[in-house]
Amino acid sequence: MAPISEYINVLVYLAVALAIGVLAVVVGAVLGPKRPSRAKLMAYESGNDPAGEVKRFPVHFYAVAMLFIIFDVEVAFLWPYAVSAGGLGLTGFYVLLIFTVLLFVGFLYEWFKGVMKWH
Amino acid sequence: MAGLVLLVLASGSVFAQDSANLYPQDPLWLVAVKAFLVVFGLLTAFAYMTLVERRLLARFQVRLGPNRVGPWGLLQPLADAIKSILKEDIIPTRADRLVFVLAPIISITFALVGFGLIPFGPPGSFFGGQPWVINLDVGILYLFAVSEMAVYGIFLAGWASNSKYSLLGSLRSSAALISYELALGMSLLTPVLVVGSLNLRQIVDWQDTNGWLILFAPIAFGVYAITSLAEAARTPFDLPEAEQELVGGYNTEYASIKWALFQMAEYVHLITASALIPTLFLGGWRMPAPFPDIPYVWMFLKIAFFLFVFIWIRATWFRLRYDQLMRFGWGVLLPVALLWFLVSALAKALGASNAALIWLSLAGIAVIVAILVIRGIQVRNAAPKAKGVRA
Numbered sequence: 001m002a003p004i005s006e007y008i009n010v011l012v013y014l015a016v017a018l019a020i021g022v023l024a025v026v027v028g029a030v031l032g033p034k035r036p037s038r039a040k041l042m043a044y045e046s047g048n049d050p051a052g053e054v055k056r057f058p059v060h061f062y063a064v065a066m067l068f069i070i071f072d073v074e075v076a077f078l079w080p081y082a083v084s085a086g087g088l089g090l091t092g093f094y095v096l097l098i099f100t101v102l103l104f105v106g107f108l109y110e111w112f113k114g115v116m117k118w119h
Numbered sequence: 120m121a122g123l124v125l126l127v128l129a130s131g132s133v134f135a136q137d138s139a140n141l142y143p144q145d146p147l148w149l150v151a152v153k154a155f156l157v158v159f160g161l162l163t164a165f166a167y168m169t170l171v172e173r174r175l176l177a178r179f180q181v182r183l184g185p186n187r188v189g190p191w192g193l194l195q196p197l198a199d200a201i202k203s204i205l206k207e208d209i210i211p212t213r214a215d216r217l218v219f220v221l222a223p224i225i226s227i228t229f230a231l232v233g234f235g236l237i238p239f240g241p242p243g244s245f246f247g248g249q250p251w252v253i254n255l256d257v258g259i260l261y262l263f264a265v266s267e268m269a270v271y272g273i274f275l276a277g278w279a280s281n282s283k284y285s286l287l288g289s290l291r292s293s294a295a296l297i298s299y300e301l302a303l304g305m306s307l308l309t310p311v312l313v314v315g316s317l318n319l320r321q322i323v324d325w326q327d328t329n330g331w332l333i334l335f336a337p338i339a340f341g342v343y344a345i346t347s348l349a350e351a352a353r354t355p356f357d358l359p360e361a362e363q364e365l366v367g368g369y370n371t372e373y374a375s376i377k378w379a380l381f382q383m384a385e386y387v388h389l390i391t392a393s394a395l396i397p398t399l400f401l402g403g404w405r406m407p408a409p410f411p412d413i414p415y416v417w418m419f420l421k422i423a424f425f426l427f428v429f430i431w432i433r434a435t436w437f438r439l440r441y442d443q444l445m446r447f448g449w450g451v452l453l454p455v456a457l458l459w460f461l462v463s464a465l466a467k468a469l470g471a472s473n474a475a476l477i478w479l480s481l482a483g484i485a486v487i488v489a490i491l492v493i494r495g496i497q498v499r500n501a502a503p504k505a506k507g508v509r510a
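Protein chains in written order, with my numbering: chain A, 1 to 119; chain B, 120 to 510.
Next up, chain B with everything else stripped away, as it sits in the complex (with noise of 0.2 Å):
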């Protein structure tokens, strides 16, 4: 066991040396200690995110929100923590207790490694280390593939509990999810075609020579920001956590700290949801001429300005049904973002430039907005009718 870890020691310092410039690396220490601080980063995040969201919901409802422990409520994340903790952590008879244990581990562990590999500045503006965790080549599929482990947590969770809202439960969540990630692997699919890279870092720094890539893709965009409200179980897509429907859903069973887990490793997706949007699609922790590029600074602001967006609609918005749910994301999102990879990649084929990509761009929302006016016109016209059957 210790030879395996000098092993990997001395693989990792060999490698770092011989990639230089291009892949700069920090020793192994550094990336466990980075991993450690992004990780209670997120733990952190999360606890207060809750208190922003509660405290927000309240003032778009005009009402005050948590204000009682501790100053402007800042110590209720703490409260809220200590009291999980403290509960009793039950295990109903009927369960199948290991997988009931693991699920929520895999839900929060899949939750929480999905966040290092995004670039929060150039390299060595990390008190001379990296501002990520890890940067691959492939970092586009190990998201994919990250997120995606995210259904095995939910899934097991409602098969272990052996009950029947669980089940349905969670089989309504993990179908729900599965759908959205294939329009979220398709919308993808757009920027990578035009930057043609999968890794985060050149996609960040191919948008500050070339511009934000939602000029280029803004209608995967859209599809993205859709789908990732969706990956996230947010509100219009939140069956898992539909309190007033099945009980619940996938955590029905769940007590004390698994039942934290598993809201933990929701809101850790939101936040990776709300830092991806920006890195991919506007310009990462780059900023255009006008503002001077500061790490981190720009990052948290558009994580922040996500986060909001998306307490927004929570507050805002209805919840979609089932049936809704999976007919939008597979009969809308699907065809749309694919029909968009399908239309830059012929223009990607026949040499076009990239302010010939960003016109298309705007043929292609002309073509949406069109849609969606006659849609609208449509439905109007067809209003007064169901009226007057009611009447």
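Chain A extracted, bound-state conformation (with noise of 0.2 Å):
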């Protein structure tokens, strides 16, 4: 097992990025012209007034969001078992198997329901 101090140099590491990001930003933010004006600030519609406030899309992005969750939980469950397979013999790819098929059905149910159909 890996020492905690490892983490530490995550942390440490992740510090690092964090300050460049932040002082790309910062130093943009310095040294660039500040000359806004009612026009600039616009949102972009090719030149038409923007028209309203948008927070609706399309229940597809949701759909695939929530896929995504499912079958991420999954591969969380896998990645134990695919580390320690070498020890766990047939009866673990047994139940491995009845855990892959039992989502892959839903999958499949999902598939020719046609959530990845796009009209």
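Below, a sample of chain A positions facing chain B; criterion: calculated Cβ distance under 10 Å:
no. : residue
1   : D72
2   : L78
3   : V115
4   : M116
Listed next, the in silico DSSO-like pairs over lysine-lysine satisfying Cα-Cα at most 27 Å (straight line):
no. : chain 1 : residue 1 : chain 2 : residue 2
5   : A       : K40       : B       : K206
6   : A       : K40       : B       : K202
7   : B       : K202      : A       : K34
8   : B       : K206      : A       : K34
Computed spacing ranges between beta-carbons, pair by pair:
no. : chain 1 : residue 1 : chain 2 : residue 2 : range
9   : A       : I69       : B       : F419      : 34 to 44 Å
10  : B       : A485      : A       : V105      : 27 to 37 Å
11  : A       : P33       : B       : T212      : 10 to 20 Å
12  : B       : F410      : A       : M66       : 41 to 51 Å
13  : A       : A76       : B       : V181      : 45 to 55 Å
14  : B       : K202      : A       : I69       : 36 to 46 Å
15  : A       : A29       : B       : L156      : 20 to 30 Å
16  : A       : K113      : B       : A408      : 47 to 57 Å
FYI, nobody ran anything at the bench for these hints, they're computed from the structure.
Predicted, not measured: the structure shown is a model, and the values here were computed from it.
Glycine included, every Cβ here is placed at the ideal spot set by N, Cα and C.
Mind docking these for me? Both chains are given alone in their own frames, and the hints should help you get the complex.
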């Protein structure tokens, strides 16, 4: 097992990377010219006046996100099996197979229900 | 605050001592220096990557590419950087100001932190230090988590811009990213299964004794290579930067350095991907017998090779439509990766030897080729009909 201090290294690395991002944004904000005008600050809509707030989007994206969560949980359960597959033998494999087939039936249902179709 | 820093420093040195051999560790200041070097190296690599890409694309199209600013255009990235810093930094009136500023920072931060755990040599080959920044036992999970954070940057950017085009572009991009992220996870299960470790260093060492993982998991390699193209938003899957569609995607409202940060994040993802493919499947910094193991050199060559291939693909391929992209990710890549994982798991459970695994891979490749050939014949037979309809 890796010692805890490896995770402190992760924090150090994260801090350095974050500092670079913040530095870039600050330098850009300081050095650039600042001549705002109403037209310049308008949202881009091909020259039209932007119409209304936009916070609605097709339900398709919700479906994709939910499916992602389901299958990402599946992958999360598969990692421990993948690491220790050598010691689990055939019994372990059968259990893995049952779990995967259950989820794959769900996948087939989703597929033939047409979530991934786009009209 | 100072007490906390001292505590962290102290615990770092204590832990570094008790795990001497298997996990050689650097003092914290050296880790910080290495993190700094890696980050700056990546930013320089990104800058020159843009130049190399433009030059290479030009060569593919029998023209010259940027060659005016400096000898062979070598100062072009510098000129671009200065320009983007000196441009006016616009925040649209209706944007959510905090999130609008935060999104590019999130993007670049989590793009940069993925690279640190790739080993470039044996322990102690960085002037006595370690040739990696971090060496986690859960390395692949860490990569997975960090690359999923890219979705946040993209989605928050589109949402905070408060513009129709940005929102739609960001939704498309993040839906594509999470879909391919899934196939990526599924494809990485197989090498983990074969090696039995999530630690990148151990995966590289395993490949030195047993042979490159591409021999044992060629289909996982294929799926992984394709998904990493999508993760870095490269050509067949480059909807986020589709200039001709939806006026460009999630970064429509961004200007100056913030826009550059998104581009930077994308290229850093690309560089990380082209470093991870050789690390996981092609022996990392090691080479088989006739070649000597030279730390760094082989790794840089392999990274350069994959970057070249990615640019080549960009020059020669068309872009997928959004629905084709989703159907390909969910309908082909995900089941294929899962199936291959199950087959390998069965072989492993039956106690198959490494040689048996290689034969299994050959059989797998044969099946895939057969399916492609049959499909090709079908398409070819169907083609004249479609032409007849048109005429």
